[in-house]
Amino acid sequence: MSIDTKTAGRVAKLARIAVPEGELPKLADELNGILAFMEQLNEVDVEGVEPMTSVTPQRLKRREDVVTDGNQQEAVLKNAPDAREGFFAVPKVVE
Amino acid sequence: MAELSKLTIAEARDGMRKGDFTSVEVTRDCLSEIEGSGTLNAFVHNTPEIALAQAEAADARIKAGDAPAMCGVPLGIKDLFATKGVETQAASDILKGFKPEYESTITQQLWDAGSVMLGKLNMDQFAMGSSNETSCYGDVVNPWKIDDRNLTPGGSSGGSASAVAADLCLAATGTDTGGSIRQPAAFAGIVGIKPTYGRCSRWGVVAFASSLDQAGPMTKSVRDAAIMLEAMSGHDPKDSTSSELAVPNFEAALTGDIRGKKIGIPKEYRLDGMPEEIEALWQDGIAMMKDAGAEIVDISLPHTKYALPAYYVVAPAEASSNLARYDGVRFGHRAKMAQGDGITEMYEKTRAEGFGPEVQRRVMIGTYVLSAGFYDAYYNRARKVRTLIKRDFEEVFATGVDAILTPATPSAAFGLGEMKDADPVQMYLNDVFTVTVNLAGLPGIAVPAGLDKQGLPLGLQLIGRPWEEADLLNHAYALEQAAGFVAKPEKWW
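Sequence order for the protein chains is X and G. In terms of our numbering, the first sequence has 39 at position 39, counting the first letter as 1, and numbering is strictly consecutive. In terms of our numbering, the second sequence has 221 at position 221, counting the first letter as 1, and numbering is strictly consecutive.
None of these hints come from the bench; they were simulated from the model. Note that the coordinates shown come from a computational prediction; the quantities given were computed from them, not determined experimentally. The reader is advised that the hints may include incorrect statements.
[To be verified] Chain G is faced by these chain X residues, among others (derived, beta-carbon under 7 Å): (1) Leu24; (2) Ile34; (3) Ala75; (4) Val94.
All C-beta atoms, glycine included, are put in the ideal place defined by N, C-alpha and C.
Isolated chain X, as found in the complex:
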C-alpha cells in the first residue's frame, strides 16, 4: 500500500492539520517510508491470535453512577483561548 499526494491530503484533512498543497508530496514520501517499515508485520503469522485489548489482565472497574465532581465552571474555562459568559466561544458553526 502506498500513499499518493491525494491520500496524504485526505489524511491531513482527517487529522485536522493544515498542510499546504506544495508540501503534500514530501508528506506522502515520509508517510510511505514509515508504512514501508510497518510492512514487516505482514511476515508474522497472526492466524487465530487475539488482538491485545489490555496489557495487564484486569477488568475495568465499575463504580456507582453518581456525581463525584463538578461545579467548577471557572476552573474549566480558565485556560480557554476565548471564553465568554460562562461558555467556550468558537466561530459560528451553524448558519
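Model the placement of chain G on the given structure of chain X, informed by the hints.
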C-alpha cells in the same frame, strides 16, 4: 555547605534526618546550580518560590520526626506532568501558557511525601522523540561531552536525564512509552526505571499512547530509584488502569543477593551491525551477574524484530486519538483566523501551528492506520503481534527466568543535529531494546554499566516479571555494585 545538589536521595534523607543540613540548604544549592545551567536547557520553567516554601515545610516536618523518605528532597518534574498553577506544555506550542487547575496524581503523592519542586523539565514534544530535538523550548544538551560537539541526552525524558546527570536536582520524574526513561538514562549515565503498566497512576500526565505510557523515577542510584518509585506508586481511583496491588517496600528488597537467580539472555537482541562496544558491555554484564552467583540461560524472544513496527502502529494510533483534544477551544493555543474561516479552519490552522513536525507526522500516521479500510491491515494486525510479543515473555518467565539482561541502547549518545537528515525510522531504532517492554507491560530498568572508548556512558537494561519491581530492583542493585560505575560528567556548562 557546597555541593549538596550532588547528593543522592538516600544521602539527603539520612543527612537531613541527622540534622547535618536542611532541605532549604539542599534546595538553595540546587536552585543555584539550575541558575548556572542555561546552556544545558534542561529546566524550562523554574519555580524557586514554590521550592523554598516546600523546603521550609519539609524541614519543619523532618524536625517533628517520622517524615517520609522523600521529604525535603528537591526534584525536577518533566513538563508532561500537570502541576497546578505552573506551566505544563508537554514541550509543545499548542499548550503555550497552559497552567492546569489540577495536579497530577504522581506529583501530588510526591508533594504529600514532602518533596520539593524545583521546576519543569524539557522533553521531546508530547514525549515523541529519542533525542530531545522536537521540543518547542529547543534541544536539551547532555552534560557528558568529549569534544566540541553538543551531545543529545536522549529522549523523550532528556531534560530529566540531563538535570540528574548534571546534579541540578537530586532526582527527576520521567515517563516511558517506548523507552523514554531508559534510553536517556543510559545516555546520561544514570538509573531509570519504567515500572509495570498500572503501577503508577497516569492521571494528570499528558497522554501520548495510553496503553503504553508509564511514569517512573530517574535517579543517581538504584537505591534512589527504589525509594522514589515507592512514593510514585499506588492505586488511583482516577486512573482505571492503575493497579490495586499493594506497593511493597522496594528499598527493603535491596540485598544485592542474586545467588541462584536465573538471568535470561535473549539471542534476538544481538543485532547485525551492533557496535562492538555494546556487545562487549553486554558480555561484561553477563559475567558480573554470573560472578554474583546468578545462573545465565540463553533464551529466545522470537517476535522481537516486530516490536518496533508494531509500536509505530499502536503508539501513533493512540496518539492521534489522544491529541484530538488539542483543538484550540478548551486550552492552549488558538490560531489567528482569516476572514471567512469557520471552525474547521480554526482546528486545522491551530493544529498546524501548535504541533511540531514529528507530532504532526505521528498524528497523521495514526489517523491513516485507523482509517476505514486500513484498520484491520495495520492496527488490528499490530495488536495481534503485540499479543505474540507479550506471549514470548510469558513463555520465558514460565521456564523460571527471573530477569532478562540486554543492552539499554544500540549506541552511546550521539551529537545533536547528527540525525537531522536521517529518515524518521532511523531515529525510531534507538528504542529497539526498550520498546518490547512497553508492548508487554513489563518493568524495565536501565543501569549505567561502563564507559565507551570515547568516555561516554553506556547502560544495560534488566527486564523483570510483571509487578516484581522489588526483585528487578535487587537485580539492578547487584549489577550496579558489580559495575561500580562512578564516573560523572566534568562541569563545562
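A quick look at each hint next to the structure:
1. Leu24: violated, 11 Å
2. Ile34: OK, holds: X/Ile34 within 7 Å of chain G, min 6 Å.
3. Ala75: Holds. Min distance 4 Å.
4. Val94: violated, 10 Å
In summary, the numbered hints that this structure violates are 1 and 4.
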